[in-house]
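Asks: Chains as they are written, first to last, in our numbering: chain A, 1 to 547; chain B, 1001 to 1114.
Simulated from the structure, these hints should not be mistaken for lab results. Some hints could be false.
Restraint-style ranges between C-beta atoms, simulated for each label pair [as the list claims (entries may be wrong)]:
1) Arg446/A x Leu1049/B: 43 to 53 Å
2) Glu510/A x Trp1018/B: 51 to 61 Å
3) Ala21/A x Val1061/B: 38 to 48 Å
4) Val1017/B x Phe476/A: 28 to 38 Å
All C-beta atoms in this analysis are idealised placements derived from N, C-alpha and C, irrespective of residue type, glycine included.
The primary structure of each chain is shown beneath.
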Amino acid sequence: MTGFADHLIVAPVLLPLATAALMLLLGEGRRHAKATINVLSTAIGLAVAVHLLRDVAQHDAPAAFGVYLPGNWPVPYGIVLVADRLSALMAVLTGSVGLAALLFALARWQHAGVYFHVLFQLQLMGLYGAFLTADLFNLFVFFEVLLAASYGLLLHGGGGARVRAGLHYIAINLVASLLFLIGVAVLYGVTGTLNMADIAQKLHAVPDSDRGLLHAGAAILAIAFLAKAGLWPLNFWLPPAYAAASAPAAAVFAILTKVGVYAVLRLWTLCFPADAGASAGFGGGALVWGGIATLAFGALGMLASQQLAKLAGYAVIASSGTLLAAIGFAAPALSGGALFYLASSTLAGCALFLLVELLERARQVEVGPQQLDDGDSALPAFVDAEPPPDVNLDDEERALTGRAIPSALAFLGVAFTVCALVTAGLPPLSGFVAKLAMLTALLDVRTPAAWTLFTLTIVSGLCGAIALMRVGVRHFWAAHDRPAPRLRVIETLPIAGLLVASLALVLQAETALDYTRATAESLQSPKQYVDAVMSARPVGRSPERAP
Amino acid sequence: MEVVISIAIGVMAGAGVWLVLRPRTFQVLIGLSLLSYAINLFIFSVGSLSVDREPIVRPGVAADLAQYTDPLPQSLVLTAIVIGFATTALFLVVLLALRGLSGGDHVDGREERP
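Isolated chain B, as found in the complex:
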């Protein structure tokens, strides 16, 4: 499972970085989204991956990480998703505003001269 998660993070982060470096605003937006997905998975995986373990303490089972999965990374991911979603939405608005003002979708507001 570690390998699958690592490959998923790596592919998404790689694609995200490539897209962020592109000159079109929409590509940058998608790149930022992919990067944030990769990082959410990454945060999730620092709490050490495990299958079929609950984060909530049950009576009678000792409260340590051998019995449960770490609940903190999950709450961090939740916060990061919410914040990332809001800022991405804001970026989308600015993207549309720039598109309306400049008539193009280049990140600098004008096309590069060859």
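One chain only, chain A, in its complex shape:
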């Protein structure tokens, strides 16, 4: 990468920041202007992320790492941004989820609070930054940015349930942030650097007397990430918080747990690879068994939950558990499948959270007629069409055959089915491809933990299928002739988009799996990453002047 393309690495961070600042200047009104700016900025962010992905996918190491020095300081001293395959993949997922949630919010939720658009852009900035940074303390700062924005988004819309869940969410995350700081401080005390690549490089030289301290620091840091990722038993805050959040906020939160998974994956593979001597694979067993416990907890929670929103929360937990357990084996083929699963489950989780609101609205139609202020953009209902003249009529003088299913209900049904298939991992959709890739790789590991995860992956799929089918039956088969719900096109568009993206993952499964496997390979040999970062040089400065 040379010239202008180099600066694109920092664009996903700067763009949302500038957009948020601009929208703050616009004041409290001008909703249309803000919405337009927000959509444009989010779309450009997604385009940049896709560009980064295509760029890193085309090259092999060392060109597969885009290294950017924001302050133009020499490497171990300044902050470094790195776009590698994993970062680019996460950035693309962030952009897709963000755009979908934003489009959904345009219909109703953007009116529920003044600073929705600003908070939304700051949330995106924190996410992009966390995925792109290669500096441990900078990661902390971006974590705080995304958390602070998520506190605001969680409370968006107000109400007792949200405030109550928000209080727990904020308290838990503040404690996790403090643990993050302890971990960073200990790692700095042991290695004397905050640059991730530099830390990885210096871990070999840590004396044995400091190794206990190093492990303690790494474990404390991991607890902070795992609390974010929703590892059992650190995840009791998650279902109530995600269920209480407004639909677009919850949809964005679908990727927040993946930030924790990403941080664990990045730092763990970087610091404790197989050739790290006394620290090789430190904590791998804890990741595997913790992930397995989380998966079991998520599957049971899905079966036990009455509300669809809680069920979606437990689905997020189950997918986190699968990912953490699969990553913990440090087998490239398995991690490759897990990354494919990450993409698939993030898209499906986001779509599920958006669907929750529409389905709940469909249920409320039974209680009372719905208030829809702009009926023009609603999907056609088809129910008022005249029956053809030569059709048998029932007792209420309505046609027995050829009765059109309201398109809104048809859309909800199809979308929910697709979503359920992806979430539960049933063929022929992307969840199945991902689970198949992971199960095949698990067969080669052959340890008790691998067999446990193998069994549990299948059983949890069954649990998910049962739970989702029960919800589907309750929502779509229950009432015979209830009024059809009315949906706006702008609400159905993002869900359809996410599900089409999920379908595209299946159609392009070979390409996608190649990409994720290459990602996993490069993660398991962190030397390329370290070399790429350490060999970066400031622009326009002669080497002898560098300190």
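Fit chain B to the given chain A structure using the hints.
Replies: The following block gives chain B in isolation, referenced to the frame of chain A:
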């Protein structure tokens, strides 16, 4: 000095953990603040404690940690203080909102039934 700093960190962290586990929102808030003070001191102390050493390089004195104190933990503490202050303020707002909505100061929004 190490002993004094350690005891200070330990006492504040202990009190902070105890308060965070209490059922009243204000106690949780004070506990979080105490914890963050303890951790700020902790970050400060990982740069190895020293007396009367400056972080800024003077001309004529070799730039190594034998002559100076480590400037990085100080900047980290500064960032951590700012972020901690902002999030604590936010927590305070949510605390007041919950108090207004539920009429009590229990963290779950309602009193436990005995």
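Asks: For each hint, tell me whether it holds in the structure or not.
Replies: Verification of the supplied hints:
Between Arg446/A and Leu1049/B the beta carbon distance is about 51 Å. The supplied range of 43 to 53 Å therefore holds. Distance hint for Glu510/A and Trp1018/B: a CB-CB separation of about 56 Å, consistent with the stated range 51 to 61 Å. One distance hint, 38 to 48 Å for the beta-carbon pair Ala21/A and Val1061/B, holds here, with the actual separation near 42 Å. Take Val1017/B and Phe476/A: their Cβ atoms lie about 49 Å apart, and the range 28 to 38 Å is violated.
In summary, the structure is inconsistent with hint 4 from the numbered list given earlier, while agreeing with all the others.
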